[in-house]
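4 protein chains.
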Amino acid sequence: MVRMSFSIHLYYRITDQPADFIFNIHAAQTPSQVVVSENLQVSPCGAPAIEADPVTESRFIRLRADEGDLFVRYEAVVDIAHHVDDASRLYEVPVARLPLPVLPYLYPSRYCQSDRLYALANDEFGHLLRGYSRVQAINDWVQERTRFTSGSSNSSTSAIDTIESRIGVCRDFAHLMIALCRASNIPARFVTGIDYGADPALGPTDFHAYVEAWLGNRWYLFDPTGAVPRAGLVRIGTGRDAADASFATIFGSVTSNAPLISIHALDDPATGHTLPQRTAEALSTHG
Amino acid sequence: MVRMSFSIHLYYRITDQPADFIFNIHAAQTPSQVVVSENLQVSPCGAPAIEADPVTESRFIRLRADEGDLFVRYEAVVDIAHHVDDASRLYEVPVARLPLPVLPYLYPSRYCQSDRLYALANDEFGHLLRGYSRVQAINDWVQERTRFTSGSSNSSTSAIDTIESRIGVCRDFAHLMIALCRASNIPARFVTGIDYGADPALGPTDFHAYVEAWLGNRWYLFDPTGAVPRAGLVRIGTGRDAADASFATIFGSVTSNAPLISIHALDDPATGHTLPQRTAEALSTHG
Amino acid sequence: MVRMSFSIHLYYRITDQPADFIFNIHAAQTPSQVVVSENLQVSPCGAPAIEADPVTESRFIRLRADEGDLFVRYEAVVDIAHHVDDASRLYEVPVARLPLPVLPYLYPSRYCQSDRLYALANDEFGHLLRGYSRVQAINDWVQERTRFTSGSSNSSTSAIDTIESRIGVCRDFAHLMIALCRASNIPARFVTGIDYGADPALGPTDFHAYVEAWLGNRWYLFDPTGAVPRAGLVRIGTGRDAADASFATIFGSVTSNAPLISIHALDDPATGHTLPQRTAEALSTHG
Amino acid sequence: MVRMSFSIHLYYRITDQPADFIFNIHAAQTPSQVVVSENLQVSPCGAPAIEADPVTESRFIRLRADEGDLFVRYEAVVDIAHHVDDASRLYEVPVARLPLPVLPYLYPSRYCQSDRLYALANDEFGHLLRGYSRVQAINDWVQERTRFTSGSSNSSTSAIDTIESRIGVCRDFAHLMIALCRASNIPARFVTGIDYGADPALGPTDFHAYVEAWLGNRWYLFDPTGAVPRAGLVRIGTGRDAADASFATIFGSVTSNAPLISIHALDDPATGHTLPQRTAEALSTHG
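Residue numbers (this note's numbering), protein chains in the order written: chain L, 1 to 287; chain F, 1001 to 1287; chain A, 2001 to 2287; chain Z, 3001 to 3287.
Don't take every hint at face value.
Computed Cβ-Cβ distance ranges for the label pairs, DEER-style [stated by the list, open to error]:
no.: 1; chain 1: Z; residue 1: P3048; chain 2: A; residue 2: G2216; range: 21 to 27 angstroms
no.: 2; chain 1: F; residue 1: P1018; chain 2: L; residue 2: V84; range: 54 to 60 angstroms
no.: 3; chain 1: F; residue 1: R1278; chain 2: L; residue 2: N217; range: 46 to 52 angstroms
no.: 4; chain 1: A; residue 1: S2133; chain 2: L; residue 2: G151; range: 55 to 61 angstroms
no.: 5; chain 1: L; residue 1: V55; chain 2: F; residue 2: R1073; range: 48 to 54 angstroms
no.: 6; chain 1: F; residue 1: P1054; chain 2: L; residue 2: T271; range: 37 to 43 angstroms
no.: 7; chain 1: Z; residue 1: S3155; chain 2: A; residue 2: H2264; range: 35 to 41 angstroms
no.: 8; chain 1: L; residue 1: G46; chain 2: F; residue 2: P1018; range: 55 to 61 angstroms
Short, incomplete list of chain Z residues facing chain A, as computed with Cβ under 7 angstroms [what the hints assert, rightly or not]:
no.: 9; residue: D3016
no.: 10; residue: A3096
no.: 11; residue: D3206
It should be emphasised that the hints constitute simulated quantities derived from the structure, not laboratory data. Given the structure is predicted, the values throughout are model-derived calculations rather than measurements. Here a beta-carbon is modelled for each residue, glycine too, at the ideal position from N, C-alpha and C.
Extracted from the complex, chain L is given alone in its bound form:
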């Protein structure tokens, strides 16, 4: 069992007329991820209602803020009980037997244009055994061919762009891996969390984007950046790609500072909480 405590501070300045915000910064509440405690402060508007998507279990708040400053501060402690499997026993599922809610994750989306990558996916991964190891091969292919470089992409950068440029940040790694999985008929989706355990040389603690692929009868975690131990990834947002799972979607004239984020893992043998470790086993936190 892993216990993560984290805080997120956001600052915006609304420069003209009221602006609308959709935030997706709450830890998801799922059977595998229990929110032990949490606290939200929104200034000056006060905290709005929390809404949860019934399928992805992502939680949203929406608010309208007037011209001036907006501070959002969220803190939480979550316990994550990973479902751990022997990767060698996990197989891909034929399309005809996928659960209906999984099907949308087979289709191309804004940043993951899998429809344009069938030939490439078939050439590179078509001959491999159908299972976890094939998804891992896609993960490794993306990692080997892409350089992690802060500031190298923007909000319109897609998987196709990253194939060409071979450079990106975590969301670009995730988009490319997702597109290649879907082009290989493997459902894959985009998850946001926090980069616990990343090399400090990469910059201050930040949001992270990673990947889930459907194998057997669950979603399994992959991190094509290789930057963090998968066991330390909290689940915040889940969607087809970054279009769905942005931590903040903003409608209006707004400037912002970079998010200020901190995260810690509890290491306490007495309570059975251990530090997140790197592992080759298959990890899942969502069925």
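Here the structure of chain L is known, so what remains is to put chains F, A and Z in place on it, guided by the hints.
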């Protein structure tokens, strides 16, 4: 009340190994669209179970077919009771008050890259009154600037391509209108039906793609091709764009013929069924 | 007659191994633009030979610089004698009668994908009289639909991107106008100079990019940004688009500062030199 | 010495108003390729003047044709004396020592967006010895990753599209190889000829597109499709990419048939003419 009866004949030849199919050809069953009768024949495999998406009410069948021929024949009679509104009373809804399940239709998707069209949408439609007439203005802008030409686009053509090329088929008109609505902060989505009432010079009866925009508290019908009376549109599939709502998604080596489709409307004063008419009123069949 | 004196200071730091540079910062020497005096200083390598393209009359220097600092300073005084015409008498030239060296400027290039804009060009400009006024209409169309915003584009931004985004800097305005001219069968090309007369609020004096279109039997000047008087534009580089006419093309690991540029016009009735004025007449400096 | 005789029959139907044509179907006349005899027939307009580009030596005819049929028939016999080199002795040339007219072939063009492929080129080819063998490695990389499939691309397909789709015809293979050469700082250009020696299963004799790369002090021939012996390639058009070197550029409303082409090689020991053979040696026909 409108009663439509239609039939869809599909033919495929699987050329190598079994192939998987996801079909979305069943009439949706919704409070506004009642399926009076229907019949599905699949040869040689026999008809598989029907699955319905709880939110969009789209219905799917999935099947695996061996090498050889595959015939699918679907017939249905549906009654459509339109929700009719005075268009001048329908207003756009602030983001903060949209129902949660409507939010995904604000975001960019594979073929509707609204994130790249904010400036254009603001220049062209930003000064207009927020309501039905603004959505109609987007509809008309697309219609005026795009030439309907069979065979002019393919499965990778997106709204951005159509902005450049100014040519397309119904799905391209729909994608462009949806992208511009979303870039104007109006939720919009993609619906498939049949082109009842189209000019026979455009070719044989075919599937049709049209648009729904969220106004007030419902989804309202738009057809940026202008080719058919909206009142004659049955609902088959609903999604973010064509990636979600294809009538057939195929995994494997398959050749096909063009679908063979026929559709008729009942005109019987005795039962109160009238022919679908063109109208300037706002029409909705989904809440 | 206009006399412009200007200076360009460039600074680079080569961070690893020798780097190769191609500079195109010399004032072109043409029958209409006489270089009265000029001086080039390159430190530490010393000044290399100047090479001139026989068709465009662009002048280049190439050099290899070792790890460390590189300073390039160029100063020139040029006299420009504009060929001035009554715009209403200038007509487009049928393809069959264009000089052979003009033909390449009819074809699409890296940043001016005219092949994708035929329908748009025909819709917007196809009905207009064939002549200078049609090119001016294209100039105005671009100016009205594009916002000048520093830093809004990068070295991969093309005319197609600017159609979508409606935002850009001078090179983006030029690329879009050129693409639309070529899509209208009007030869058009890219010229670089300096933004004499620009509003200081737009930032310090900088390189400028503008457009030439072939009408009658000459190249005529257009500036779709509208930011400067055309009469004050010196000619430095000429090409199909920015791929050909960059002031610096660099091969190697190099960092740089923004160019430091100043430019002045002589106002001396005694010598007949007058300040560059805005005018509606057609201006040309290249046959 | 190779002697090739070939004929090209073109048919067009002008459907509305006069149309303008630029044809580039004449065999180039160069020191290495001597036109022994040729004959051009144009019906009904009569043959127009032939114009030659002084740098590429491409030859063009331009004509205006009225509504109705247009037949163009060209026949030629050419002798090609290849410059043959030991590939292992050919090295890449530093940018600073390239002849000025070669520089444009280092820059990105419409269909060869080398500016977007630097990272990929560096990853794949950056570690290789600078010389002929590196260009051959690029040739082989393209050939291995691309499937030749008639009808798989169109006139807007670029190197970036082919990277994604991994499918194309000869012009797509050429565009991708050219883009990767330029991204590796090797000048490369597009040449058109006829596919002498191609497998008849690929279809009737057709125009062919191939590549020249600058090594040492000449342009060397490469054919990334691998479909034909390089020694049998006649030179017709030369340019940055297909935008420059189309066999026909048409302005107007025109329909056409596929070109009808035949080509033969003379095998006569008495005159010293031998059949074109496949060889691993470096071949050049242009300095």
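| Violated hints - listed by number, lowest first | 2, 4, 5, 7, 9 and 11
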